[in-house]
Amino acid sequence: MNRAEIVIVGAGISGLSIAYNLAKKGMKNIVVLDKSHFLAGATARCGAGVRQQWATELNCILARKSIEFFSHANETLNYHRDIEFKQGGYLILSTSKEEDIQFEKNVKLQNSLGIPTKHLTKDEALKIVPHLNPDSFTTATFCETDGHINPFLMSEAYYLAAQKLGVEFHFFNEVEDIVLEDGKIAKVITDKMEIQTNKVVDAAGGYAQEIGGMVGIDIPVYSENHEILVTERATQMLEPMVMSFSKNIYCQQVPHGSIMMGRNNPNALHNHDVSSSWRFLDKMAKTVNHILPEVAKQRVIRTWGGLYNITPDFQPIISDSNVKGFYIACGYSGHGFMFAPITGELLTEIILGEPLEYYAKALHMDRFNDMDKIDKEHSVV
Amino acid sequence: MSKRDIIICRCEDVSLADIHEALDMGYRDFESIKRILRVGMGPCQGQSCAHLVKNEIARYNKVNPETVKIHKTRPLISGVVLKDIAESDEDE
Numbered sequence: 259m260n261r262a263e264i265v266i267v268g269a270g271i272s273g274l275s276i277a278y279n280l281a282k283k284g285m286k287n288i289v290v291l292d293k294s295h296f297l298a299g300a301t302a303r304c305g306a307g308v309r310q311q312w313a314t315e316l317n318c319i320l321a322r323k324s325i326e327f328f329s330h331a332n333e334t335l336n337y338h339r340d341i342e343f344k345q346g347g348y349l350i351l352s353t354s355k356e357e358d359i360q361f362e363k364n365v366k367l368q369n370s371l372g373i374p375t376k377h378l379t380k381d382e383a384l385k386i387v388p389h390l391n392p393d394s395f396t397t398a399t400f401c402e403t404d405g406h407i408n409p410f411l412m413s414e415a416y417y418l419a420a421q422k423l424g425v426e427f428h429f430f431n432e433v434e435d436i437v438l439e440d441g442k443i444a445k446v447i448t449d450k451m452e453i454q455t456n457k458v459v460d461a462a463g464g465y466a467q468e469i470g471g472m473v474g475i476d477i478p479v480y481s482e483n484h485e486i487l488v489t490e491r492a493t494q495m496l497e498p499m500v501m502s503f504s505k506n507i508y509c510q511q512v513p514h515g516s517i518m519m520g521r522n523n524p525n526a527l528h529n530h531d532v533s534s535s536w537r538f539l540d541k542m543a544k545t546v547n548h549i550l551p552e553v554a555k556q557r558v559i560r561t562w563g564g565l566y567n568i569t570p571d572f573q574p575i576i577s578d579s580n581v582k583g584f585y586i587a588c589g590y591s592g593h594g595f596m597f598a599p600i601t602g603e604l605l606t607e608i609i610l611g612e613p614l615e616y617y618a619k620a621l622h623m624d625r626f627n628d629m630d631k632i633d634k635e636h637s638v639v
Numbered sequence: 070m071s072k073r074d075i076i077i078c079r080c081e082d083v084s085l086a087d088i089h090e091a092l093d094m095g096y097r098d099f100e101s102i103k104r105i106l107r108v109g110m111g112p113c114q115g116q117s118c119a120h121l122v123k124n125e126i127a128r129y130n131k132v133n134p135e136t137v138k139i140h141k142t143r144p145l146i147s148g149v150v151l152k153d154i155a156e157s158d159e160d161e
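If you read the protein sequences in the order shown, they are chains A and B. In terms of my numbering, the first sequence opens at residue 259 and continues consecutively. In terms of my numbering, the second sequence opens at residue 70 and continues consecutively.
None of these hints come from the bench; they were simulated from the model. Fair warning: there could be bad hints in the mix.
Straight line, CA to CA, 20 angstroms or less: simulated EDC-like cross-link-like pairs of lysine to aspartate or glutamate [as the list claims (entries may be wrong)]:
1. A:Lys555 with B:Glu100
2. B:Lys152 with A:Glu490
3. A:Lys293 with B:Glu100
Treat the numbers as computed from the prediction; the structure is a model and nothing was measured.
Construct the entire structure; sequences and hints are all you get.
Listed below in structure tokens is the structure:
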């Protein structure tokens, strides 16, 4: 039978970053399992944006540290292609007095943590994106170091670097059970093989709840479909990501030239559906036609859906658990791609028993034992 | 003719050499190759390249092309101007 020092469930961006960081610290015999082909899940379906403009201190810190890594990822991972890191900023639109007040608070918090966000007037925002509909917003916040990364290529960079360090990958291997002996992890069983191990990482994205259930842990997360569309390649017309929580839109032109946009569906069911709906296309088209009429003149060529894995406070769970040897990295609430670098670093510290960064204790799953005390993130589309 | 000059995906400018390099790197199914090279992600959505890529995958893996899955077909079937959708059904 196969033996592994650790089995990571899920070869999405979180599992890849964790595998790379563990291997870099010298761990041997790391196995990563994925139930489908390379990047079948949420990573490849994400909106490809990376931002630091959050409303909670924890999310701000995770995002800032991740952007630091992204800025030199090509060199650090010795990648032969380019991850297409573009810092065109995020321009977040406010549409009401209440939102203006909240944004003022957000900017103060972000600035105090070293994130260079500015609160802009309407005219200042229009200088950055001249074809914004001036009647669709009141003020805006802008952070010039936010931006875009190609999720496929960022993942491949981690994947190849991890392989070079000896990490073993098995695709088309669906985990069916995790066997405990005396309360400790003993074995992982997939539809194709069995692996003896004493450590398992749950980085299964939209299926993290189900993997937790295999060792008797009820992780307080659920999954829901979030849809996206992409246009054909257009001439350069949109430098930053334009986003509005109240209008329910994010929209960015990627270096390839195509424009991606998404919005949430407040009526989405809690399940694993990733299908495309006409309702999304209809509402998305109306929203973008209102805010960015020039963008709405482009042809949409494809729509798809992907799973957000959501926690009660919209902040991730990066922690150990009450089952010895079972570690969790899930519940990114739509932001797992942009938090991947810090995810790998922190979970590696936890697994190796190293001293943990002070802020990271707040990422433990135990915080949901007292729901009155949680610090909920509101800046989410 | 050089494999560099044989274009498999015209929308995203992917050559036969690119496909063979991806196969050599271990990407052995259409969806994986699509993620690395963008085949099938342009305006035609794989209508010209899908079967060419499928045949290359089959040849490499020494299997019958009929057993090779191509990419998932996604809406829309052809490009539509967003503004037309936005203005088509004002009273929903």
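Between Lys555 of chain A and Glu100 of chain B, is the straight-line Cα distance small enough, at 20 angstroms or below?
violated (29 angstroms)
For a C-alpha distance cap of 20 angstroms, please report whether Lys152 of chain B and Glu490 of chain A respect it.
Distance ~14 angstroms between Lys152 of chain B and Glu490 of chain A Cα, so the pair holds.
Please work out if Lys293 of chain A and Glu100 of chain B have their alpha carbons no farther apart than 20 angstroms.
holds (14 angstroms)
The structure shown violates just one earlier hint, number 1.
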